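Peer 1: Each chain is listed here by its residues.
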Amino acid sequence: MSETEFEGIVESPWSGGASPFAINSKKLGMWLFIISDSLTFSALLVSYAYVRLETPDWPRPFEIWPAIAKSSFMTFVLLSSSLTMVLGVNSAFKGDRKKTVRYLIATIICGIAFVLIHATEWVTLFGEGVTPWSNPWKPFVPLFGGTFFGLTGLHMVHVTIGVVYLAIIAWGFGKGKYTAEHVEVSGLYWHFVDLVWMFIFPMVYLLSVNPK
Amino acid sequence: MSAHGHAELTHEHSVGTTRLFSIVWVWLLLLTALEVFLAYERLEVHLMITILVGLSLIKAALIMSYFMHLRFERLGLFLLLVPAMVFCICMMLIMFFPDSIRLMDLRPH
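Taken in sequence, the protein lines are chains A and B.
Quick note on our numbering: the first sequence kicks off at 239 and runs consecutively.
Quick note on our numbering: the second sequence kicks off at 270 and runs consecutively.
Treat the hints as calculated values from the structure; they're not laboratory data.
Here the structure is a predicted model, which is why all the values come from computation and not from measurement.
Quick reminder that beta carbons are idealized off the backbone N, C-alpha and C, glycines included.
It is possible that part of the hints are untrue.
Cut-off 20 Å, straight-line C-alpha distance, at most; resulting in silico cross-link-like pairs (EDC-like, lysine to aspartate or glutamate) [to be verified]:
no.: 1; chain 1: A; residue 1: Lys-265; chain 2: B; residue 2: Glu-342
no.: 2; chain 1: A; residue 1: Lys-376; chain 2: A; residue 2: Glu-292
no.: 3; chain 1: A; residue 1: Lys-264; chain 2: A; residue 2: Asp-275
no.: 4; chain 1: A; residue 1: Lys-376; chain 2: A; residue 2: Glu-366
no.: 5; chain 1: A; residue 1: Lys-308; chain 2: A; residue 2: Glu-359
no.: 6; chain 1: A; residue 1: Lys-450; chain 2: A; residue 2: Asp-295
no.: 7; chain 1: A; residue 1: Lys-450; chain 2: B; residue 2: Glu-313
no.: 8; chain 1: A; residue 1: Lys-264; chain 2: B; residue 2: Glu-342
no.: 9; chain 1: A; residue 1: Lys-308; chain 2: B; residue 2: Glu-310
no.: 10; chain 1: A; residue 1: Lys-413; chain 2: A; residue 2: Asp-334
no.: 11; chain 1: A; residue 1: Lys-332; chain 2: B; residue 2: Glu-342
no.: 12; chain 1: A; residue 1: Lys-265; chain 2: A; residue 2: Asp-275
no.: 13; chain 1: A; residue 1: Lys-376; chain 2: A; residue 2: Glu-301
no.: 14; chain 1: A; residue 1: Lys-308; chain 2: A; residue 2: Glu-366
no.: 15; chain 1: A; residue 1: Lys-376; chain 2: A; residue 2: Asp-295
no.: 16; chain 1: A; residue 1: Lys-450; chain 2: B; residue 2: Glu-310
Below, a sample of chain A positions facing chain B; criterion: calculated Cβ distance under 10 Å [claimed, not checked]:
no.: 17; residue: Ser-276
no.: 18; residue: Val-284
no.: 19; residue: Met-323
From just these sequences and the hints, can you work out the full model?
Peer 2: Quick look at the structure:
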């Protein structure tokens, strides 16, 4: 399978020359998906900035301890998972299946840890009465919950899908069913999820630190 | 020919070494730590948002060029993807800035 794929890269059906990007179609497809998905997140972030500017007393509820410390740790976990992912892709291209699967499992564990820590944070907020449609703070700004849970929730869905995706790739690559290109394409998705968090973390958490 | 080509492909993909990726990872952590420190210092909001967006863009560029291998791809792929995305985000901001500034002015003082 890898050979036919490779033929596709070098000998393009278009007889005018080599393939313009010199990558396989899966990778190009994932890149195009990432660009369109990044625009989804940009639209959400811009609309969040808009309602936040429009509202005079936007709540800034997060304390350095525990909320910011927790979300900083989540950022650390996600960045580390990106490192193990990129090392996994490297060893996949070197043909080391065992090492690749180990790196992928490390990435999956980091992803699960991220989702679990995030979930405990959500549960704490629910316990304080902060939900997508209400919160206990005065003056009452109902949009806070909508933007907060909308942005972090969509990101969490991406992480969850990424964990399932990586698990399938790790299983298939370990069995020799998938090629290194499959691992690389799943890596692109995982790094994108990491990249989105690099915007959500400062915009949603760091700009909402309690000013007192 | 095919085997030779595959070797070439493998070579092309192992441009980044473990050391390079670890350095990028450390830089990303340092930039994140700087962001958290600024939040701890509670800077004035407009200054804060400018610095945070700037640092986030640097982090995004690091992730895209090294972790997502965009630096090791052909220039054509970059030109296909990034300008279109930047253009779309600029279009969102063209709608955003005039209207949000107007809304801030309309606020009761």
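Peer 1: Hint by hint, say whether it matches the structure.
Peer 2: Results of checking the hints against the structure:
1. Restraint check: the Cα-Cα separation between Lys-265 of chain A and Glu-342 of chain B comes to about 11 Å, which is no more than 20 Å; the hinted pair holds.
2. For the suggested pair Lys-376 of chain A and Glu-292 of chain A, the alpha carbons sit about 17 Å apart, so the restraint of at most 20 Å is met.
3. Only pairs whose Cα atoms come within 20 Å are accepted, and Lys-264 of chain A paired with Asp-275 of chain A is accepted, the gap being roughly 16 Å.
4. With a CA separation close to 14 Å, the supplied pair Lys-376 of chain A and Glu-366 of chain A stays within the 20 Å bound.
5. Between Lys-308 of chain A and Glu-359 of chain A the CA atoms are separated by roughly 8 Å; this keeps the pair inside 20 Å, and the hint holds.
6. Between Lys-450 of chain A and Asp-295 of chain A the alpha-carbon distance is near 15 Å, which keeps this suggested pair within the 20 Å criterion.
7. This hinted pair checks out: Lys-450 of chain A and Glu-313 of chain B have alpha carbons roughly 13 Å apart, not beyond 20 Å.
8. The straight-line distance between the Cα atoms of Lys-264 of chain A and Glu-342 of chain B is roughly 15 Å, inside the 20 Å bound, and the hint therefore holds.
9. This hinted pair checks out: Lys-308 of chain A and Glu-310 of chain B have alpha carbons roughly 18 Å apart, not beyond 20 Å.
10. Straight-line distance between C-alpha atoms of Lys-413 of chain A and Asp-334 of chain A comes to about 12 Å, which keeps the hinted pair within the 20 Å bound.
11. With a CA separation close to 18 Å, the supplied pair Lys-332 of chain A and Glu-342 of chain B stays within the 20 Å bound.
12. Taking the CA atoms of Lys-265 of chain A and Asp-275 of chain A, the gap is about 15 Å. The hint holds against a cut of 20 Å.
13. A distance of roughly 17 Å separates the Cα atoms of Lys-376 of chain A and Glu-301 of chain A; the hinted pair therefore holds under the 20 Å criterion.
14. Our distance criterion of 20 Å between C-alpha atoms is met by Lys-308 of chain A and Glu-366 of chain A, whose separation comes to about 17 Å.
15. A distance of roughly 9 Å separates the Cα atoms of Lys-376 of chain A and Asp-295 of chain A; the hinted pair therefore holds under the 20 Å criterion.
16. For the given pair, Lys-450 of chain A sits about 11 Å from Glu-310 of chain B by alpha-carbon distance, which is consistent with the 20 Å threshold.
17. For Ser-276 of chain A, the shortest C-beta to C-beta distance to chain B is roughly 6 Å, which falls under 10 Å, so the interface hint holds.
18. Given hint, Val-284 of chain A at the interface with chain B, holds; its Cβ is 5 Å from that chain's nearest Cβ, closer than 10 Å.
19. Hint on Met-323 of chain A holds. Least Cβ distance to chain B is approximately 8 Å, under the 10 Å limit.
Violated hints are absent here; each numbered hint is respected by the structure.
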